[in-house]
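These protein sequences, in sequence, are chains A and B.
First residue of the first sequence? That's 1 in UniProt numbering, and the numbers climb one at a time after it.
First residue of the second sequence? That's 1 in UniProt numbering, and the numbers climb one at a time after it.
Keep in mind that the hints were calculated from the coordinates and are not lab data.
All C-beta atoms, glycine included, are put in the ideal place defined by N, C-alpha and C.
Misleading hints may appear alongside valid ones.
[What the hints assert, rightly or not] Derived coverage of chain A by chain B (criterion: at least 3 residues anywhere in the stretch with Cβ under 8 Å from a Cβ of chain B; other residues may be distant): (1) 27-36; (2) 181-194.
[To be verified] Over 12 Å on every C-beta distance to chain A, these chain B residues come out as not near it, computed from the model: (3) 20; (4) 22; (5) 26; (6) 27; (7) 28; (8) 29; (9) 34; (10) 40; (11) 42; (12) 43; (13) 47; (14) 50; (15) 70.
[Said to hold, decoys possible] Per label pair, the in silico range of CB-to-CB distance: (16) 272(A) <-> 87(B): 46 to 52 Å; (17) 397(A) <-> 87(B): 42 to 48 Å; (18) 39(B) <-> 107(A): 19 to 25 Å.
Here are the chains, one letter per residue:
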Amino acid sequence: MARAALMDFDEALERFDPVIGLEVHVELNTTTKMFSSAPNPANSAFHGAEPNTLITPVCLGLPGSLPVVNGTAVRYSISLGLALGCEIAPSSRFARKNYFYPDLAKNYQISQYDEPIAFDGSVEVELENGRTFTVPIERAHMEEDAGKLTHVGGSTGRIQGAEYSLVDYNRAGVPLVEIVTRPIEGAGADAPALARAYVSTIRDIVLSLGISEARMERGNLRCDANVSLRPRGEQKYGTRTETKNVNSMRSIERAVRYEIQRQAAILAGGGTITQETRHWHEDTGTTSAGRPKSDADDYRYFPEPDLLPVEPTAELIDELRAALPEPPAARRRRLKGEWGFTDLEFQDVVNGGLLVEVAETVAAGASPAAARKWWTGELTRVANARETDAASLASPAQVAELAALVDEGVLTDRLARQVLEGVAAGEGSPREIVEARGLAVVSDDGALIAAIDDALASQPDVLAKIRDGKVQAAGAVIGAVMKAMQGKADAARVRELVLERAQG
Amino acid sequence: MSEISAEQVAHLANLARIALTDEEIQHLTTELGQIMQAVEKVSEVATPDVPPTSHPIPLRNVMRDDVVGDTVLTTEQALAGAPEHDDTRFVVSAILGEEQ
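All chains should be modelled from the sequences, with the hints used to inform the complete structure.
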């Protein structure tokens with residue numbers, strides 16, 4: 001397949017005005033599925049289960065089985081709708097979306113069509129460059145996720161050339177909320193960054209609501225990006241493409257940018273854009289053509305006869321509205337001010353997905369600087385090495401306790417890193433680990449002086465240099481003392497004592 | 001409105017993944033046209049003041065608690081009715097279309 005021609009991004013933006021639309025699917029972390037009492041693999045308690053172990057007859061669409069709506073999933077959906085500034089429908093219904101593909105055994109997906117549970121909202125999104133956008137939300141509707149297919153045979157492992165496919169229905173029926181924006185105009189060259197910042201904001205919202213694990217690498221949060229271009233000055237939208245399979249924040253930005261450049265090259269060459277889905281390829285940073293976009297008519301939507309309307313009471317909506325957390329954009333602004341971080345320091349925390357962790361560590365008594373240091377430093381380093389999340393290694397309370405131990409002079413930074421290692425290994429709280437591993441700093445000057453005198457005695461040349469005023473020579477002695485103390489000494493104190501003893 | 005064309009029938013057959021001969025399409029075009037006419041009679045009485053009904057029983061908000069039930073299948077049970085499987089997953093023939 002020939003590589004698509006691309007126009008330079010800046011030139012594309014000079015000639016064309018991009019319009020984007022984003023569809024984000026959020027897997028809810030309820031205990032059970034949307035319409036069946038099977039365990040929900042999008043809840044971390046059931047993540048990684050063996051294939052086809054989290055299913056009931058409903059998930060397989062077996063004869064005689066009937067779906068029943070999960071009340072908690074409805075509450076979560078309403079909360080999400082409210083957090084997106086949406087109206088909540090006094091009455092909403094489910095519909096069948098009919099298509100033949102083995103990712104769902106029923107040959108239809110239960111979704112919502114003309115009566116979504118939430119509609120007409122907006123979300124404030126702040127870009128890394130400080131620009132703020134209000135993204136209009138058209139709707140948020142409830143539906144079920146589909147199963148997972150593995151294509152076997154052929155040379156590439158992709159659909160083309162596969163000899164057969166294996167189906168795991170664990171994911172079939174996982175509760176989903178699909179959030180659909182209205183067309184977003186006026187972002188210009190910021191369109192790719194806006195797409196990324198929008199999805200990041202949705203992630204913050206669902207995390208603060210506690211309704212999804214929101215891990216993109218697990219597919220808890222998935223984004224389809226619609227992109228179209230129109231010549232500058234034109235009002236009418238151009239033909240759009242929908243890029244699917246965009247599964248990281250970084251690739252959302254790259255995929256939108258790529259589509260702008262690809263479409264601009266086609267339009268500038270006098271060609272036309274085909275309305276189609278396109279697949280994002282993380283490895284090459286390109287998209288390729290998928291199927292032509294079906295008309296909604298082809299899905300032959302009709303009201304789901306097996307389910308009854310959902311009609312939330314005004315009391316329930318009020319109760320959920322009252323329980324909403326502070327909106328992410330407002331929260332960020334407040335925390336950044338309270339913590340006194342520079343833009344760079346704050347971005348470090350936000351981009352590392354550690355805002356919640358740092359906030360809770362500060363709430364547990366640590367200074368903002370210490371909380372940031374441990375989360376974005378050592379814990380992130382260890383997490384990267386282990387290919388996991390920093391949040392899975394330690395709790396905010398444990399990090400706050402560690403910071404307190406450093407403040408009290410019980411631990412040096414170096415010892416604190418060893419304690420963190422113990423925390424990550426599940427050995428207990430920092431204080432317990434200090435005790436068990438005997439890691440506390442030796443603050444007894446007597447023990448230090450004995451070690452210093454030994455070191456000075458064995459390095460008479462160094463002693464002579466220090467006495468000559470070459471203070472930097474003390475480093476060798478300090479190193480020897482720290483080694484003798486197995487690192488459990490405060491290097492600054494050792495230095496003071498070394499200089500004192502050398503003169504004596 | 002009640003007219004249905006042979007092209008529409010062929011399109012529907014394709015969506016339903018049913019292979020039809022030309023004779024069958026002709027035959028179904030006539031039959032579906034008659035069914036459409038019969039259903040259309042409903043619109044004569046369904047004036048705009050009659051709300052559409054998707055369910056005959058006036059119930060709403062029938063929901064269950066978010067608790068794992070006792071109908072979870074073992075993998076063996078789940079695969080028992082499958083024409084083909086590899087002991088953990090269903091085996092289906094090579095797929096020409098794409099996911100929706």
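Hint check:
1. Only when three residues or more bring their CB closer than 8 Å to a CB of chain B does the claim for the segment 27-36 of chain A stand; here the count is 4, and the claim holds.
2. Counting residues of the segment 181-194 of chain A whose beta-carbon sits less than 8 Å from any beta-carbon of chain B gives 0, not enough to reach three: the coverage restraint is violated.
3. The non-interface label for residue 20(B) is consistent with chain A: the shortest C-beta to C-beta separation is roughly 15 Å, beyond 12 Å.
4. No Cβ of chain A comes within 12 Å of the Cβ of residue 22(B); the nearest lies about 22 Å off, and the non-interface call holds.
5. Listed as a non-interface residue, residue 26(B) keeps its Cβ farther than 12 Å from every Cβ of chain A; the least gap is roughly 22 Å.
6. Taking the minimum C-beta to C-beta distance to chain A, about 21 Å, the non-interface status of residue 27(B) holds against the 12 Å cut.
7. With a cut of 12 Å on Cβ distances, residue 28(B) stays outside the contact zone with chain A, its closest approach being about 16 Å.
8. Remark: the non-interface label on residue 29(B) is consistent with the geometry, its nearest Cβ contact in chain A lying 18 Å away (cut-off 12 Å).
9. The claim that residue 34(B) is not at the interface with chain A holds, since no C-beta of that chain comes within 12 Å of its own (minimum 20 Å).
10. Every Cβ of chain A is farther than 12 Å from the Cβ of residue 40(B); the closest lies at roughly 17 Å, confirming the non-interface assignment.
11. Here residue 42(B) stays apart from chain A, with its beta-carbon at least about 15 Å from theirs, past the 12 Å limit.
12. A cut-off of 12 Å between C-beta atoms confirms that residue 43(B) is not in contact with chain A; the least separation is 16 Å.
13. Every C-beta of chain A lies more than 12 Å from that of residue 47(B), the closest at about 20 Å, which supports listing it as non-interface.
14. For residue 50(B), the condition that its CB be more than 12 Å from all CB atoms of chain A holds, with the nearest at approximately 16 Å.
15. With a least CB separation of 8 Å from chain A, residue 70(B) falls inside the 12 Å interface cut-off, contrary to its annotation.
16. Roughly 49 Å separates the CB atoms of residue 272(A) and residue 87(B), a value that falls within the hinted 46 to 52 Å.
17. In this structure the supplied range 42 to 48 Å holds for residue 397(A) paired with residue 87(B), their Cβ-Cβ distance being about 45 Å.
18. Checked against the given bound of 19 to 25 Å, the beta carbons of residue 39(B) and residue 107(A), roughly 23 Å apart, stay inside it.
Violated hints for the displayed structure, listed by number in ascending order: 2 and 15.
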